[in-house]
Amino acid sequence: MSPSLRSRLSTYLLPAATAAALIVLWYVLKAVFQVPSFVLPAPHEILVAAWEERSFLWPAALVTVRGALLGFSAAVGVGFLLAMALGFSPRVKASLYPLILVLQMMPVTILAPIFVLWLGQGLPSIVAITFMIGFFPVVANTTMGFISVDRNLRELFVMCNATRAQEARYLRIPGAMPYFLTGMKIAGTLAPIGAIVGDFLAGSAQGGVGGIGYMTISYFSQLKTPALFATGLVACVMGFVFVGGVNWLHWRLLHLWHDSMVKKE
Amino acid sequence: MSPSLRSRLSTYLLPAATAAALIVLWYVLKAVFQVPSFVLPAPHEILVAAWEERSFLWPAALVTVRGALLGFSAAVGVGFLLAMALGFSPRVKASLYPLILVLQMMPVTILAPIFVLWLGQGLPSIVAITFMIGFFPVVANTTMGFISVDRNLRELFVMCNATRAQEARYLRIPGAMPYFLTGMKIAGTLAPIGAIVGDFLAGSAQGGVGGIGYMTISYFSQLKTPALFATGLVACVMGFVFVGGVNWLHWRLLHLWHDSMVKKE
Amino acid sequence: MNAAPLVAIRGLQKRFGAGPLVLDGINLEVGQGEFVSFIGPSGCGKSTLLRLIAGLTSASDGLITVDGTPPEKAREKMFFVFQDATLMPWRRVAENVELPLLLRGDAPGHRRERVARMLEVVGLSGAAEKFPWQLSGGMRMRVSIARALTVAPEILLLDEPFGALDEMTRDRLNEDLLAIRSRNSFTGFFVTHSVAEAVFLSSRIVVLGVNPGRVTAVIDVPFPYPRQPELRETPAFLRLLATTAQALRAVRS
Amino acid sequence: MNAAPLVAIRGLQKRFGAGPLVLDGINLEVGQGEFVSFIGPSGCGKSTLLRLIAGLTSASDGLITVDGTPPEKAREKMFFVFQDATLMPWRRVAENVELPLLLRGDAPGHRRERVARMLEVVGLSGAAEKFPWQLSGGMRMRVSIARALTVAPEILLLDEPFGALDEMTRDRLNEDLLAIRSRNSFTGFFVTHSVAEAVFLSSRIVVLGVNPGRVTAVIDVPFPYPRQPELRETPAFLRLLATTAQALRAVRS
Amino acid sequence: GEQRSAAPGPAPAKLEKIILQTDWYAQPEHGGFYQALVEGYYRDVGLDVEILQGGPNAIPTQKVALGTAQFAVGRTDELIIAAGRGIPVVALAALMQRDPQGVMFHPESGIRDFKDLEGRNVMAVPGAAWLTLVQLKFGIKLSVTPLDFGLSRFLADKRLVQQCFVTNEPFYIRQQGVDVGVLLLSEAGIDPYRIWFTSRDYAARRPEVVRAFTAASIRGWREYIDGDRQDADLRISQLNQKMTPEFIAFSVDAMRANRLVHGDPAKGELLGRIDPARLGAEIQRLSAIGVLDRAVALADVFDEKFLPEDVRAVREGK
Ligand SMILES: Nc1ncnc2c1ncn2[C@@H]1O[C@H](COP(=O)(O)OP(=O)(O)OP(=O)(O)O)[C@@H](O)[C@H]1O
Ligand SMILES: Nc1ncnc2c1ncn2[C@@H]1O[C@H](COP(=O)(O)OP(=O)(O)OP(=O)(O)O)[C@@H](O)[C@H]1O
Ligand SMILES: [Mg+2]
Ligand SMILES: [Mg+2]
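Chains as they are written, first to last, in our numbering: chain A, 1 to 265; chain B, 1 to 265; chain C, 1 to 253; chain D, 1 to 253; chain E, 1 to 318.
Honestly, the hints are just simulated from the structure, not real lab data.
Hints may be right or wrong, so weigh each one.
[As the list claims (entries may be wrong)] Have a look at the derived ranges for each label pair, beta carbon to beta carbon:
#, chain 1, residue 1, chain 2, residue 2, range
1, B, Glu52, E, Gly119, 25 to 33 Å
2, D, Pro20, A, Asp150, 25 to 33 Å
3, C, Ala4, D, Arg117, 48 to 56 Å
4, B, Arg164, A, Val24, 25 to 33 Å
5, A, Asn247, B, Arg164, 24 to 32 Å
6, C, Arg117, D, Ala107, 55 to 63 Å
7, B, Asn152, A, His255, 17 to 25 Å
8, A, Gly77, B, Val237, 27 to 35 Å
These figures come from a predicted structure and were not determined experimentally.
We put the beta carbon where it would ideally sit given N, CA and C, even for glycine.
Chain A on its own, in the form it takes in the complex (with noise of 0.2 Å):
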């Protein structure tokens, strides 16, 4: 087998392989344990159903994409922003950690109302809860990164008589970059479900237009089972967006050097 083919196989052939036999258990499950679709819709059916509803999925999933990038882009950000702080001096770290992890304890179904107070039923209290689910992964994994650096690097930066913005910037960021990354990508995961999450907390459908966490309260409700599956079809999609990116990233940035990504031969 030639290297390039056994790369296209692992890249594309297995995951459709693996998808595939989970598709056949799916209605293996579902014949056997005899699951009725308003509670296990199969495969096909989520499928049909995605499709009669697109005029109603597509503008929502807009609303939500909207939502999700927004919050993604502050859980990322201000994550890397307190990441730095916290890995800035030990006592920033333990003046504010403690707090962050409140922040991130505390659950979001308890602030949604003063989100929703201050900041208005919509968009930005639909960000600011993406935001509350998404920034941990990413403080918590940069800020290991940051204060992981090799300890000898540490002192050549010394004896350049480098300013901590120059250490953070040539030496920490670089460094805490594969754990960066890894933050980055759970935060891409977990920004759609936070975007739903956030619409059923603090969205509103207005202007008739609501995002999918909307239409998963709706087809909740109306007992369409198969649409209620396929607004979770749409995360994924989306989820997938969100990862594929960020893993884009990882390999732009990591492939020449990283043991993550370099094969030595």
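Following the hints, put chains B, C, D and E with the ligands in place on chain A, whose structure we already have.
Same frame as chain A, now just chains B, C, D and E with the ligands:
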């Protein structure tokens, strides 16, 4: 300032100072914006409510702790095993990763009725939901740790004719610890939230005792805002215990050798 | 030298990716019990050649066999002292040294004893409980050497093991290496920048040129084993030293 | 030697944590323009001493001043070639060499030019675009040397910079180092295991003993600068070499 | 832009901008307000009304109390509890004399009466006052499962009892060809009004706006239930995609059949009207189960002076 005094300063005084500053800020904001207590209670009101509601909150906390602990263990254990599988070979990764992503990105609200149908209402479903919410950070981080192993050490193991199991046990697992622990920390903050959401979606007050999620809705629907925030406080305390445990483990496993912990003199 | 060479290299070429040739037209037969040193300028491909013999990288062209099989199949016969110490940061010194024995399933008692003996040889008995980051550069390298010595492999590949050591320690370890070899005879492949070391240790010295790495000279070292430290002072030794240095210098011009 | 020594070390003691003394009672005054080599057994504290002078670690007792101030305050005068190459894996060779100039804010044109020149000196012009993992051990170390040379500091601390290099490259770099020094005179602190190198480069050689590290001998090297390669063949050089080797050997016994 | 084509008469020079916060997405249970909006009844009285759709977290009480919205839709039991927490809100008028809330169950579960709920698993909003009231009144014990806004668990579990709107969920269950029984809470004497309300502060500052809004809303409701509701339904279905004509028809029919909006004239009930005695009794009930932090007087939660003359007149003439 002696080193021990300084370290005690960072460990206790600084977080306490931040907390104090925040509480002051809280009171000030509340006063300036005239935020009424039914939207954002003052800290002392939350404490009073927590005390007054202790006969409800305590058993609820016990219920939720159980779900969170089991779900957390499942997330960490299964996540670790999944990551091992993913790190084992690029082919396994190509086959399984998309599936894991789907599991992570499918909104748990959609799957909840299936859990309830198959696992029944209550603890098993709550644990399953907590697991779903917390396992991916463990998988993503640990996998990254496994594939980031130092190339030179990998060659050493090749020269030692190490079996895959040996390579996993003596090289990849210890090498991935910094990543794994970070994933575990994220899972730790998510576990109480997961159990609360699980309580929400698949819990019940069978025998008259619901979990914290149940109490949250109950207080919300009764407009008992200070008590509502007290449930958030309980969630945070739980989360701190989890994260504290992970931090202890981090210290235990890494303080002797890892760059994030060792202070070079 | 032998009828059936232990390691045979024929027409070996190596390039990394689409890069230039690093090694070109290497031919070499090494018999059981030989000790072959490679010397040559920095970057000429010595480490690459050792890694090829160990099967850690594959040839672009040509053939390598170890004991008649491809190197990947003969790894249980070999051990490698890498150019970098390659210690596991989370294992203490003794644990690092113990690793190969552990992986190959030796009994704990035997492991402990061998580790202690080899740490003694490299002069690190006192540092057994330290972590790698607490060691000096030379100490780290000695840990790596001790690790290889515990294994007692049939073929030992050493990539500049003594480069970071002071002359006395180095001489002593040279002698220790020969002593160990006289007890359980192994075939050695040795990279060094010290001509004296090469002459003292080897049965044969291979001088490599650069761009691409080619064998420019092969020098047989006729002194019988066991060799005594005093050998270093003999005129014959000094003469061979000069010849070898000459051959090495010729590479550049 | 000078009225006001550039680097003054008095009663220096160093231990790590609660461990044993690593360095004990070190006294040393080094004037502007001197070149001091430290030799001694592996693990005796040479690197530690260099790191103390650079202010990378602090003394347990005693005093170090650099130009009259504590070392931490004098860092812009100093640069360090670490025992490990200490390259940033995500920067290419040229980018690694450029780093100190970039950090100190030199103009891009000037940086490019200096980087190219110093890569030329260490013989790595062809490897400018490679990543560290694509280099041989000796090449990595040469990148590190080139990086230090671009800085042209007042005080240069070199921790076994040439240990991983073949003799010819090493000799040539020795000479290059002296040539650079004759142009922009720096004060040098140099750790080596090669006595010949120490004698050829230094104005003074400090021999350190072990457990704890103590100054056991200080040898003045009277040859005037600039020194020519031929110096290595002179009887006076060889005599001093023997004396130094003697002093080093005495440490162990 | 609002559809004002149907609005009769010349537009007043300056309209008062106000916000009505509903408690859920647009649905026939809010029909009267949309009727008043699209038919221009609000504009006729000088109001520029924006109806904000609710959702799971609409928090109408808080919004009104803080002045983010001027009016909101809710229930009297919620209002009384809010007052018990010191939240200054007052009921203005009832949009429904009977609450559409009830519990639905599978007929084969053998439930005939609230007593039969003993020991059942009931999916409801935890903490809802009616749960306590039902248990007290019938001496039964319920096991509560948090409401998940879905119906699949009900459909899958023949023993599950679920909180519902008689105007809503049964439609979807029956659509699946499954029969469903409903017990209205009002049949058990747990009988809050569905109302609209405002804050004490706003009522004191802008009584004329409150009065105008209330009158126009009552007009909207009357028209919605008895007149031509086509435009309002169109608006509702534009705002909430699940509002199909069949569903709206079902809901309105259910409202009519159960006399939810007009009430029973025989009992003196009338669209808009809130009977102080009935409200007082509700305060008593809630106070008795201890969900009120402080004593609530009738005057704290209701001020009948904002009701139109004709609605009040009927009561006085009873
Ligand atoms: N960070 C540290 N913590 C504890 N002990 C240390 C540390 N660094 C060095 N040491 C100890 O200090 C002693 C001197 O180390 P140093 O690196 O200075 O030796 P060296 O003379 O440079 O040796 P080499 O020639 O092998 O590089 C060694 O015994 C080493 O174990
Ligand atoms: N993984 C790699 N990818 C690309 N090029 C490589 C790789 N490893 C080594 N090289 C190149 O191969 C050549 C030989 O490297 P090698 O490490 O074998 O040299 P060496 O003789 O051991 O040198 P030294 O004495 O400096 O250790 C060098 O030019 C190096 O740049
Ligand atoms: Mg090499
Ligand atoms: Mg050293």
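A quick look at each hint next to the structure:
no., hint, verdict
1, B:Glu52 x E:Gly119: 25 to 33 Å, "holds (30 Å)"
2, D:Pro20 x A:Asp150: 25 to 33 Å, "holds (27 Å)"
3, C:Ala4 x D:Arg117: 48 to 56 Å, "holds (53 Å)"
4, B:Arg164 x A:Val24: 25 to 33 Å, "holds (29 Å)"
5, A:Asn247 x B:Arg164: 24 to 32 Å, "holds (25 Å)"
6, C:Arg117 x D:Ala107: 55 to 63 Å, "holds (59 Å)"
7, B:Asn152 x A:His255: 17 to 25 Å, "holds (19 Å)"
8, A:Gly77 x B:Val237: 27 to 35 Å, "holds (30 Å)"
Of the hints listed earlier, there is not a single one the structure fails to meet.
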